[in-house]
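K.L.:
Using the sequences and the hints, build the whole thing.
Protein sequences appear in the order of chains A and B.
Using the working numbering, you'd call the opening residue of the first sequence number 2 and step up by one each time.
Using the working numbering, you'd call the opening residue of the second sequence number 35 and step up by one each time.
It is worth saying that the hints were derived from the structure and are not from the lab.
Here the structure is a predicted model, which means the values were calculated and not measured.
Warning: the hint list may mix true and false statements.
Below 27 Å or equal to it, Euclidean Cα-Cα: the simulated DSSO-like pairs (lysine-lysine) are [what the hints assert, rightly or not]: (1) K91/B with K43/A; (2) K3/A with K106/A; (3) K68/A with K57/A; (4) K106/A with K68/A; (5) K106/A with K57/A; (6) K47/B with K43/A; (7) K43/A with K106/A; (8) K71/A with K106/A; (9) K57/A with K71/A; (10) K3/A with K91/B; (11) K3/A with K68/A; (12) K3/A with K57/A; (13) K71/A with K91/B; (14) K91/B with K106/A; (15) K71/A with K3/A.
Stretches of chain B that chain A covers, calculated by requiring three or more beta carbons in the stretch to come under 8 Å of a beta carbon on chain A [said to hold, decoys possible]: (16) 46-53; (17) 77-84; (18) 101-107.
Heads up, incomplete: computed chain B residues facing chain A, CB under 8 Å, no partners named [unchecked claim]: (19) T41; (20) N90; (21) F138.
Ideal Cβ placement from N, Cα and C applies to all residues, glycine included.
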Amino acid sequence: QKEVEQDPGPLSVPEGAIVSLNCTYSNSAFQYFMWYRQYSRKGPELLMYTYSSGNKEDGRFTAQVDKSSKYISLFIRDSQPSDSATYLCAMSAVEGSNYKLTFGKGTLLTVNP
Amino acid sequence: KAGVTQTPRYLIKTRGQQVTLSCSPISGHRSVSWYQQTPGQGLQFLFEYFSETQRNKGNFPGRFSGRQFSNSRSEMNVSTLELGDSALYLCASSAGTGGSPLHFGNGTRLTVT
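P.N.:
Structure, rendered in structure tokens:
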């Protein structure tokens, strides 16, 4: 079983739709959860950063973490064509001073005008 | 604040050659991590350096090596290039404390022919 599973899509939605992106994980030691957005020919850009279970909202984006189910989600409200990108979930555990991010493989999202 | 800078952006090398990639982190960040991104495997962790010491290492062969300088700038070297080394190599910097989010550069696209 992979440590982090993410549906690769592709996902195609009309402009204005609510988008739901999800990841599941198996390592219960993961404590920090992130969502990155990656445009073509660019590096991943940090979108959301959360610690522990619960919701975090930033503008049109809401990140949700359910540690009991080992499930995280990213919701995009009023989606725009500029949201078209690959979305990567990432998570990390901390062991002493060492940590590394484990990424999902990414979901390709297209928002059609 | 300037972001993470990677040079060069594109490289074409021949099988058997070696290559060195460079990364300048965000000012004040002491941790630099390197990732390989391919369509099939997604983002895979190579190694992390903190204060000139390799603190964490992924599951890559010894042909992949790196170093960090006293100004936190980092280089990654790949020797005896193979066709399978063709990928986007991403550098990311962070404060280096547990759970600190990573901030990525735009990567170096390496093509091995």
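K.L.:
Against this structure, judge whether each hint is valid.
P.N.:
Each hint tested on the structure:
{"no.": "1", "hint": "K91/B with K43/A", "verdict": "holds (24 Å)"}
{"no.": "2", "hint": "K3/A with K106/A", "verdict": "holds (11 Å)"}
{"no.": "3", "hint": "K68/A with K57/A", "verdict": "holds (14 Å)"}
{"no.": "4", "hint": "K106/A with K68/A", "verdict": "holds (20 Å)"}
{"no.": "5", "hint": "K106/A with K57/A", "verdict": "holds (23 Å)"}
{"no.": "6", "hint": "K47/B with K43/A", "verdict": "holds (21 Å)"}
{"no.": "7", "hint": "K43/A with K106/A", "verdict": "holds (16 Å)"}
{"no.": "8", "hint": "K71/A with K106/A", "verdict": "holds (17 Å)"}
{"no.": "9", "hint": "K57/A with K71/A", "verdict": "holds (17 Å)"}
{"no.": "10", "hint": "K3/A with K91/B", "verdict": "holds (19 Å)"}
{"no.": "11", "hint": "K3/A with K68/A", "verdict": "holds (17 Å)"}
{"no.": "12", "hint": "K3/A with K57/A", "verdict": "holds (26 Å)"}
{"no.": "13", "hint": "K71/A with K91/B", "verdict": "holds (25 Å)"}
{"no.": "14", "hint": "K91/B with K106/A", "verdict": "holds (20 Å)"}
{"no.": "15", "hint": "K71/A with K3/A", "verdict": "holds (13 Å)"}
{"no.": "16", "hint": "46-53", "verdict": "violated (count 0)"}
{"no.": "17", "hint": "77-84", "verdict": "holds (count 4)"}
{"no.": "18", "hint": "101-107", "verdict": "violated (count 0)"}
{"no.": "19", "hint": "T41", "verdict": "violated (13 Å)"}
{"no.": "20", "hint": "N90", "verdict": "holds (5 Å)"}
{"no.": "21", "hint": "F138", "verdict": "holds (4 Å)"}
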